[in-house]
Amino acid sequence: MRNIFLFIRRYFNFLFFLALQALALSFLFRYNKFHEAAFLGVASEITGRVNDRYNTVEYYFKLKKANENLVKENVALREMLRSNYQSADTSRQIVVDSIRVDSLRPFQKYVYLDARVVGSFVSTQTNYLTLHRGADQGVKEDMAVIGPMGIVGRVVNKSSNYATVMTMISRQFKVDGKLKNSGERGSISWDGVNPRFVQMRNIPKSVKVVKGDSVLTSELSSIFPPNILIGTVDTVLSDPSTNFFHLRLKTATNFSTVQYVYVVQNKQLEEQQTLEKATKNTNE
Amino acid sequence: MSNLVRNTIRFILFILVQVYILHKIPPLHRFIVPYLYFLYILWLPFSMSRGWLMVVSFFFGLSLDYFLVTPGLHAAACVLIAYVRPFLVNLLIRQEGAEQSYGAPSINSMGWAPYFIFVLVLTLLHHGYLVFLEWMQFGNFWYFLGKVAASSAISLFLVLITELLFNRKEKYRTNAA
Numbered sequence: 001m002r003n004i005f006l007f008i009r010r011y012f013n014f015l016f017f018l019a020l021q022a023l024a025l026s027f028l029f030r031y032n033k034f035h036e037a038a039f040l041g042v043a044s045e046i047t048g049r050v051n052d053r054y055n056t057v058e059y060y061f062k063l064k065k066a067n068e069n070l071v072k073e074n075v076a077l078r079e080m081l082r083s084n085y086q087s088a089d090t091s092r093q094i095v096v097d098s099i100r101v102d103s104l105r106p107f108q109k110y111v112y113l114d115a116r117v118v119g120s121f122v123s124t125q126t127n128y129l130t131l132h133r134g135a136d137q138g139v140k141e142d143m144a145v146i147g148p149m150g151i152v153g154r155v156v157n158k159s160s161n162y163a164t165v166m167t168m169i170s171r172q173f174k175v176d177g178k179l180k181n182s183g184e185r186g187s188i189s190w191d192g193v194n195p196r197f198v199q200m201r202n203i204p205k206s207v208k209v210v211k212g213d214s215v216l217t218s219e220l221s222s223i224f225p226p227n228i229l230i231g232t233v234d235t236v237l238s239d240p241s242t243n244f245f246h247l248r249l250k251t252a253t254n255f256s257t258v259q260y261v262y263v264v265q266n267k268q269l270e271e272q273q274t275l276e277k278a279t280k281n282t283n284e
Numbered sequence: 001m002s003n004l005v006r007n008t009i010r011f012i013l014f015i016l017v018q019v020y021i022l023h024k025i026p027p028l029h030r031f032i033v034p035y036l037y038f039l040y041i042l043w044l045p046f047s048m049s050r051g052w053l054m055v056v057s058f059f060f061g062l063s064l065d066y067f068l069v070t071p072g073l074h075a076a077a078c079v080l081i082a083y084v085r086p087f088l089v090n091l092l093i094r095q096e097g098a099e100q101s102y103g104a105p106s107i108n109s110m111g112w113a114p115y116f117i118f119v120l121v122l123t124l125l126h127h128g129y130l131v132f133l134e135w136m137q138f139g140n141f142w143y144f145l146g147k148v149a150a151s152s153a154i155s156l157f158l159v160l161i162t163e164l165l166f167n168r169k170e171k172y173r174t175n176a177a
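Chain order of the listed sequences is A and B. Under the working numbering, the letters of the first sequence match residues 1 to 284, in that order. Under the working numbering, the letters of the second sequence match residues 1 to 177, in that order.
It should be emphasised that the hints constitute simulated quantities derived from the structure, not laboratory data. Keep in mind that the hints are not guaranteed to be accurate.
[Said to hold, decoys possible] In silico lysine to aspartate or glutamate, EDC-like type, Cα no more than 16 Å apart, as pairs:
| id | chain 1 | residue 1 | chain 2 | residue 2 |
| --- | --- | --- | --- | --- |
| 1 | A | Lys205 | A | Glu184 |
| 2 | A | Lys33 | A | Glu184 |
| 3 | B | Lys24 | A | Asp52 |
| 4 | A | Lys33 | A | Asp142 |
| 5 | A | Lys174 | A | Asp191 |
| 6 | B | Lys24 | A | Glu79 |
Computed from a predicted model, the values in this text were never measured in an experiment.
Could you put the whole structure together from the sequences, leaning on the hints where they help?
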């Protein structure tokens, strides 16, 4: 027994070093696996507040860009208005449905929350945004985040007033996309090289792809609403060893200038997931 | 200014500079991440015991981690260099008893060449361990080597600039003072 104490005392520094390393690494691995770490809730509340302060300054420098993006989005939405569509064929009449929008609420699948970006760190391998919206405002983990120009990422953590979003340019992020023209689906991820480009795989070589084609979110990605712009095709690389194209997409969102985003909740996600899980269980 | 106050101010300043200036710079290349914050650990006084050195470094790294949402990553690297630091100081110190005569490691107290080696070794260790932890999740060997080399070069450059800008005059302490 005495020897043990002597040993501990003699190698106290080394043992203490090992203990601190173990603690730090356990934080890291638990975070990488489950996206939760000790004190993260409290810490993100504090860092969120500091980020908020900093953002009040940075905000003005990006205001012009943010405005432009919002105007562009407005134009796109305006083009979808019913009054813009008029058929030349007057024998057919468009009838306005008498159902009030309010009564459609129970059927609304996606609910949008606006949020301001107060912190962005987009210079490393896993890139995050901090939003000034949190659990108190109804933000939950795994909600989709889209910006005025296209998709942004996924909520991974929340405190009571702030939430952190893993952006599309993170190694662990994956989203299911489709080509707008042909509807061919493929999975999209980031290879960590250039923050303006993401990679799309599993597009068969039989599909015609040209530079500039739009890639949208597919109906398969359960958290993102379908048909939201992900990016446009920049280069088409054809891998001779497989039957698939390897597309390089330019992201629709510029992550270093994005100011306002929408947090999207899929109200029917839980039902879908329960069903899928039950099916999986019965098959096993 | 007492040591405690000075180091507390430095703690906050280094974190803020790292988070809001160096991490806001648009990435030049995927290999280059400009790190300067670990200079705080290099500047801690000689008189701190190794245990305290590690505790302070752990919390220093962890506070950066919470800003960058990588809990534990920088903390692990900081604890490593805090553990190795006293060995290096013992090896590189110029003359007997300089640890008592001077407050903290600097060009003044250690001399140009030993201080440069001190910074170089700890920078390489810090970056090596940091990138190694990242490398375990993805990347290949060339990614590892390239990133350690490029980031260390940038860091050494930043340390040089900081040392030239903020000339820390380490006074020779005598018993009389």
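Tested hints:
1. A:Lys205 - A:Glu184: Status holds; Cα separation ~11 Å.
2. A:Lys33 - A:Glu184: violated, 31 Å
3. B:Lys24 - A:Asp52: Holds, at roughly 15 Å.
4. A:Lys33 - A:Asp142: holds, 14 Å
5. A:Lys174 - A:Asp191: Satisfied, since the Cα-Cα distance of roughly 11 Å is no more than 16 Å.
6. B:Lys24 - A:Glu79: This hinted pair is violated, its Cα atoms lying about 36 Å apart.
The structure fails to meet hints 2, 6 from the earlier list, while all remaining hints are met.
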